[in-house]
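Visitor: Below, each chain spelled out in residue letters.
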Amino acid sequence: MRGRLAGFILAAGLCLALYWPGLNIWFAMDDFAWLGLRASINTWPDLISTLFSPMAQGTIRPLSERLYFLTLEGLFGLEALPFRIVAFTVQLLNIWLVLRLVERMTGSRAGGVAAAMLWIVNSALAFALSWSSAFNQILWPCFLLAGCHARWSWLITGSRRARWAEWAFFILGFGALELQVVYPAIAGAMTLLYRRERWKDLPPLFAVAAVYAVFNRWIAQPQTSPVYTLHWDGSLWTTLGTYLRMATGMWQPDLPRDPEAWWLAAECLVAFGLAAGLVGMIWRRERIAVFGLLWFFATLAPILPLKNHISDYYLTVPVLGLAMVAATAAVRHPFWAILPVLVYGVGSGIVARRAIEYRYNLAETGHALIAGVQEAARLHPGKLILLTAVSSEQYWGAINDNPFRLIPGLRVYLAPGADENIEKHPDLGDPARFVLAGPAARAALEDGQAVVYSPAGGKLRNVTALWRDLARQRWSGELSPMLDAGQSLLTGQLDDGWHPLEPGFRWAAGRAGLRLGAPGEARELSVEAFRGPEEGKRGPVTLIVMLNGAQAGRWVIAKENSSLAVSTALPASLDRTKPVVVELLISPVLREEGPGGRQLGLAFGKIGFR
Amino acid sequence: MRKLTMAVAVMVAMAGCKKDPQTVRYLEEGASQLSSAVNTGDPRAAIQLLRGFHDIENNAWRWTGPKFSVALRPPKVIPTEGAKFYMDYAVAELFVQKIPSATLTITVNGKPLEPEVIAKAGNFKLERMVPPAMLQGDLATFDFALDKFLGAGEVDQRELGLIVSGVGLRAAKPAAPPAK
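Listed in order, the protein sequences are those of chains A and B.
Everything in the first sequence is counted per the working numbering, starting at 1 for the first residue and increasing by one.
Everything in the second sequence is counted per the working numbering, starting at 1 for the first residue and increasing by one.
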């Protein structure tokens, strides 16, 4: 028992020592999208829908994404540490499960400890251990390993409790990651290798996995993004080759290495060592070798068709299979294993450490930006905050998923032109949606309603004075091609038919007009409109948008829809070099009760060209 | 379970060993000065790169997009012949392989300067005299537009134009004294 505890402490210590920046890391990228989930929940049906609706590429991961973020954000808000502690706690549990599983399957305690350590040191884990959105890669192996333990108990003892436990872990695993469909293959390998006479309980597992796979493909939205398109062709082999090379923990497609020759030699040594160990073990009919190899291929196979989305993070679970093989071989033949294991430990450990430090710094850059904006909002309450000189890294790491909506009272925009300094990734989002148009920025700065900050070079710097001059020079007298009727800026561009401003929107009567600046290179007209909360008997509402007297769009908002966010291509006949007169025609209208009651068509937010 | 509890306790203690958030300041107030010269490799100079500049590379330069703009402070004293605008830039070999000739148009505060023809790879210094009439006030914005550029996906995901390392405005040197 003491030896086992020492082994666990050794493996857990290695994990914490190598990946400790991942424990203190802040949120990044998709985390901000998941953190916003709570805002969409007002009723119990909302909760059910949030937990089980397909999101992000049609995936349903209620445990590893929805509950994880909903619960921890509910308890701790935007404090990242609890998220990280939960992730690391589950990873420590994984280490324990690996250690015990290999020990149970091979009878070697040292083999179990070695398997856990070889897995931990693989650089593929750096991604999963440094990003809360990748918690699925930590929670899923927990269910896989727990299921394997239960199956092993069932194979050895025939315990019915173990069978029920296996089914429970199997089903729960789907809540962590849809790749759980591969569990029956792993369970099948274990059964056929160690107790083939017990194969009869395998078909139900396969049947459930098949049904889930079909269900998952059916509900997943068809992928329009080339990144997530599945390729069922010869590229599968190329992708497999890439992942095999990455499994050494020392190589990634864009990883700069110096000196390359040394790294390549190290990779070859590790690959040769692993291959030799594997052949030797298969020759001696050591079943763990086949089990480990099947684990690797089974957990990797579902992502091989994603040839445009090769990521080390997908190797988190597969490399555990190779670690089982390598560890057992190393324990059986320590003399031959010492050099490859040492080289792998140092090489992969260096890459892992670099990767986690890179991710830590990236997250800190975003953290500094968001904390700076919060500080600016405290110094300038109620003002718009414009950000200029935002780097691509800062935008894609922190801003794209709009973290500012998570902090009440913040109104943050990119300064005019700031989007043009940011690398384009159309499949991830468009920075232009955060930009405040030049004339609007000028109006806000002139009225003292906005401050401008630059995050270039670390801390946020107040550059308002400079930008006031700039805006005055660049956008004086220009009409904005985009305005927000729900804000006090640019009210001069609103013509007849508008009611006074209300928080976040402005009611238009049945006919309302406004003027927009020349569309220039804009592609479309976009309109945000809302119905009122209590509309009595009013049925569908029709909105017609006229540009310079010609109809550009017509939409109907059904009674059950509270809002409309639409866009339409600009008419070819529109002169893009001149300001445009816009007319909004709404019918039927509501009439407020009482004398002098207002005529209410629709409430509007942003209207303009983009 | 006890082992896991112990490990979690160690982990929490490790996580606690970080900077006190109260000591971290994320903001710098106070006036920012506009400079007459911008080194694009300096992150703090980014506030003057109004649009169209990609992230810093090698701590020294940036790729531009097809349109880019810079804000500069005109020199305090501008001689009658004007101030000299300069831009240190490079044209990538790849650029000229795909685009044998391109034209860079330049405007200062909306008024045009003589365009630059881009036809060779290498390092160049663009220089133009800017008349004092074009440099009224404390701020001059220079807008550049390339008629041809490397589209997104041609070399990498970005639209790429020139490689710019420095941009500036300086009072033109006084004419050399006549030789005796």
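Derived from the structure by calculation, the hints contain no laboratory data.
Heads up, a few of these hints could be off.
[Stated by the list, open to error] Label-pair restraints from in silico Cβ distances: (1) B:129 / A:581: 28 to 36 angstroms; (2) A:76 / B:29: 26 to 34 angstroms; (3) B:170 / A:548: 43 to 51 angstroms; (4) A:472 / B:29: 42 to 50 angstroms; (5) A:433 / B:132: 34 to 42 angstroms; (6) B:29 / A:495: 33 to 41 angstroms; (7) B:97 / A:562: 50 to 58 angstroms; (8) A:472 / B:147: 24 to 32 angstroms; (9) A:410 / B:110: 33 to 41 angstroms; (10) B:170 / A:56: 29 to 37 angstroms; (11) A:569 / B:110: 24 to 32 angstroms.
[What the hints assert, rightly or not] Among the chain A residues that face chain B by a calculated CB cut under 7 angstroms, a handful are: (12) 53; (13) 54; (14) 447; (15) 454.
Cβ atoms here follow ideal geometry from the backbone N, Cα and C, with glycine treated the same way.
Visitor: Could you run down the list of hints and mark each one as holding or not?
Guide: Structure-based check of all given hints:
At roughly 43 angstroms, the beta carbons of residue 129 of chain B and residue 581 of chain A sit outside the given window of 28 to 36 angstroms. Between residue 76 of chain A and residue 29 of chain B the C-beta distance comes to about 30 angstroms, which sits within the given range of 26 to 34 angstroms. A hinted range of 43 to 51 angstroms holds for the C-beta pair residue 170 of chain B and residue 548 of chain A, which are about 47 angstroms apart. In this structure the supplied range 42 to 50 angstroms is violated for residue 472 of chain A paired with residue 29 of chain B, their Cβ-Cβ distance being about 21 angstroms.
Look at residue 433 of chain A against residue 132 of chain B: about 41 angstroms separates their beta carbons, and that is inside 34 to 42 angstroms. About 39 angstroms separates the C-beta atoms of residue 29 of chain B and residue 495 of chain A, a value consistent with the hinted range of 33 to 41 angstroms. Judged by the Cβ atoms, the range 50 to 58 angstroms given for residue 97 of chain B and residue 562 of chain A holds: they are separated by roughly 55 angstroms. For residue 472 of chain A and residue 147 of chain B, the Cβ-Cβ distance of about 30 angstroms falls inside the hinted range of 24 to 32 angstroms, so the restraint holds.
The beta-carbon spacing between residue 410 of chain A and residue 110 of chain B, approximately 34 angstroms, falls within the hinted interval of 33 to 41 angstroms. Remark: the range hint 29 to 37 angstroms for residue 170 of chain B to residue 56 of chain A is contradicted by a beta-carbon distance near 52 angstroms. Hint check: residue 569 of chain A to residue 110 of chain B, Cβ distance near 30 angstroms, so the stated range 24 to 32 angstroms holds. Proximity of residue 53 of chain A to chain B is violated relative to the hint, the smallest CB-CB distance being about 31 angstroms (cut-off 7 angstroms).
Annotation: residue 54 of chain A was flagged as interfacial toward chain B, and the flag is violated, the nearest CB pair being 28 angstroms apart, outside 7 angstroms. Below 7 angstroms, beta-carbon pairs count as interface contacts, and residue 447 of chain A has none with chain B, the closest being about 20 angstroms; its hint is therefore violated. Residue-level restraint check for residue 454 of chain A holds (minimum Cβ-Cβ distance to chain B is 4 angstroms; threshold 7 angstroms).
Of the numbered hints given earlier, the model fails hints 1, 4, 10, 12, 13 and 14; all others are met.
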